[in-house]
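> The chain contents come next:
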Amino acid sequence: MYPEDLKYTSEHEWVRKPGEADGSVRVGITHFAQEQLGDIVYVQLPAVGDAVTGGKTCGELESTKSVSELFAPMSGRVVARNDELDSAPERINTDPYGAGWMFELVPDDPSVFDGLMSAEDYRAQVEG
Amino acid sequence: MTPARTSLYNRHAELRAKFAEFSGWEMPLQYSGVVNEHTAVRERAGLFDVSHLGKVSVSGPGARAFVDSCLTNSLDKIEPGHAQYTLCCDESGGVVDDLIVYLRSDDDLLLVPNAANSAEVARRLDQAAPEGVQVRDEHRRYAILALQGPAADTTLSSLWIPVGHEYMSFVDAEYNDIAITVCRTGYTGERGYELLVPWDDAGVVWDAILACGEPNGVEPCGLGARDTLRTEMGYPLHGQDLSMDISPLQGRSGWAVGWTKPAFWGREVLLAEKAAGPARRLRGIRSTGRTIPRPGMAVKVDGADDGVVTSGTFSPTLRVGIGLALLPPKVTEGAEVKVDIRGRSETFEVVQPPFVKTSPS
Chain A
1 MYPEDLKYTS
11 EHEWVRKPGE
21 ADGSVRVGIT
31 HFAQEQLGDI
41 VYVQLPAVGD
51 AVTGGKTCGE
61 LESTKSVSEL
71 FAPMSGRVVA
81 RNDELDSAPE
91 RINTDPYGAG
101 WMFELVPDDP
111 SVFDGLMSAE
121 DYRAQVEG
Chain B
1 MTPARTSLYN
11 RHAELRAKFA
21 EFSGWEMPLQ
31 YSGVVNEHTA
41 VRERAGLFDV
51 SHLGKVSVSG
61 PGARAFVDSC
71 LTNSLDKIEP
81 GHAQYTLCCD
91 ESGGVVDDLI
101 VYLRSDDDLL
111 LVPNAANSAE
121 VARRLDQAAP
131 EGVQVRDEHR
141 RYAILALQGP
151 AADTTLSSLW
161 IPVGHEYMSF
171 VDAEYNDIAI
181 TVCRTGYTGE
191 RGYELLVPWD
201 DAGVVWDAIL
211 ACGEPNGVEP
221 CGLGARDTLR
231 TEMGYPLHGQ
241 DLSMDISPLQ
251 GRSGWAVGWT
261 KPAFWGREVL
271 LAEKAAGPAR
281 RLRGIRSTGR
291 TIPRPGMAVK
301 VDGADDGVVT
311 SGTFSPTLRV
321 GIGLALLPPK
331 VTEGAEVKVD
341 IRGRSETFEV
351 VQPPFVKTSP
361 S
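For the record, the sequence lines run as chains A and B. Quick note on the working numbering: the first sequence kicks off at 1 and runs consecutively. Quick note on the working numbering: the second sequence kicks off at 1 and runs consecutively.
Just so you know, not all the hints are guaranteed correct.
Claimed, not checked - To spell it out: a stretch of chain B is covered by chain A in this simulated footprint if at least three of its residues, at any positions, have a beta carbon under 8 Å from a beta carbon of chain A; those stretches are:
1) 25 to 35
2) 222 to 231
3) 311 to 319
Unchecked claim - Using 25 Å as the maximum straight-line C-alpha spacing, the simulated DMTMM-like pairs for lysine to aspartate or glutamate come out as follows:
4) B:Lys-18 to B:Glu-43
5) B:Lys-338 to A:Glu-69
6) B:Lys-18 to A:Glu-127
7) B:Lys-300 to A:Glu-60
8) B:Lys-261 to B:Glu-273
9) A:Lys-56 to B:Asp-340
10) B:Lys-274 to B:Asp-306
Honestly, the hints are just simulated from the structure, not real lab data. C-beta atoms are modelled at their ideal positions from N, C-alpha and C, and glycine is treated no differently.
Can you make the complete structure from the sequences, with help from the hints?
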């Protein structure tokens, strides 16, 4: 449920290195997060070219009942977004680490990645 | 305070429900997911535990006439064996609650108010009741199961539970020596039934319906789907679309007021409001884009802060954001309004609910 090759944040994002785009990392939300949110019916992702700040809001996720904020796991520039989620946001529920990816960013400081949580640490956080 | 639990709590937990507290009750919010459960009700059928709803009995000689002189709708419109949607207002015309009245006989009625307001409805009636009429708050006398959707009839028939009676009528029956009352009603817009079952016997009936319903695609459904289903129909939810501050006329519920009755609580104020025209009206709004309105969001008409969203969600059927909003009376169907969605101004079309066409009969 928490792949070993990913890094995690306390705001329930996962980060994969490398992303598809040059020098980028790929970002999504975890299995735990999608389960907590329930059916995701609308996502607002940052646009390509946006500068995002680590730990700050960069988008929104809406389920039938509630709205949650999407946080940037690290500072950088957005170089790709998953346009498929506009018409099929349920992919975040069904495949959070695959087809449900959200965006890619080129980090300002690539070394921040190494300081993110490991799968083991993240699992410990959510499973208490 | 620890939330109350229905007699089906353990079954919900076994079905791995996600729970949420609702009016002091720990209720299943969802099982497999809101969208899946919603679709099950529209296409097949869904089983809901709505035992948190209140049960207030009013009995004794003249009980019917007494209730008719308090609540808004006219009990003259129905015969014993029928149920009716009605409102309990206060003298200022505010809505204390909306509820269903089961008319068993002229001397015996059962009221089903919302969980949060049940005690208050019972208190007001008890205070006003004439000699000989008893008002009893019997919250845990009955569990209430709602089976809603096109497969409801087939499923109940296979358990020899009577179906096919007229909309808003009820019949008494037995299942495995358990006395049940089966009413053709619901809160989803689909054909369906609500079953009153003695509190401690609900599990047997719940299990039987789920087992017999499985081949028909019946699924357990939580309050999350109940809310998206009722919103698609434009049915008001008390506390959001009707309240002490939102009168029946404002809240699209004037049809549930017996305007020609000589007496009901709030009559003078409501008649005056009817004559003057309500200052605002509840209307449907539908996103022209991809955003979802939420209760409390401001609605702008001609650039001014003119209205407020009272209910809003994603419509799983239409796959678009829908809601109910209190708007100035001049804003009618077809108009465009702007909803302030967390600082963004988004365009919505004013529409006449229901948002979704169903075939409840």
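> Take the hints in turn and mark each one as holding or not.
Going through the hints against the structure:
1. Counting residues of the stretch 25 to 35 of chain B whose CB lies closer than 8 Å to any CB of chain A gives 5, so the stated coverage by that chain holds, three being the minimum.
2. Counting residues of the stretch 222 to 231 of chain B whose C-beta sits closer than 8 Å to any C-beta of chain A gives 3, which meets the bar of three, so the coverage hint holds.
3. Check result for the stretch 311 to 319 of chain B against chain A: holds, 4 residues qualifying (beta carbon to beta carbon below 8 Å, three or more required).
4. Of the supplied pair hints, the one linking Lys-18 of chain B and Glu-43 of chain B holds, its CA atoms being roughly 23 Å apart against a limit of 25 Å.
5. Proposed proximity of Lys-338 of chain B and Glu-69 of chain A is supported: the alpha carbons are some 22 Å apart, at most 25 Å.
6. The hinted pair formed by Lys-18 of chain B and Glu-127 of chain A meets the criterion: a straight-line CA distance of about 16 Å does not exceed 25 Å.
7. Taking the CA atoms of Lys-300 of chain B and Glu-60 of chain A, the gap is near 23 Å; set against the 25 Å cutoff, the hint holds.
8. Only pairs whose Cα atoms come within 25 Å are accepted, and Lys-261 of chain B paired with Glu-273 of chain B is accepted, the gap being roughly 16 Å.
9. Straight-line distance between C-alpha atoms of Lys-56 of chain A and Asp-340 of chain B comes to about 22 Å, which keeps the hinted pair within the 25 Å bound.
10. Using a Cα cut-off of 25 Å, the hinted pair Lys-274 of chain B and Asp-306 of chain B holds, with the two alpha carbons roughly 21 Å apart.
Comparing the model with each numbered hint stated earlier shows that all of them hold.
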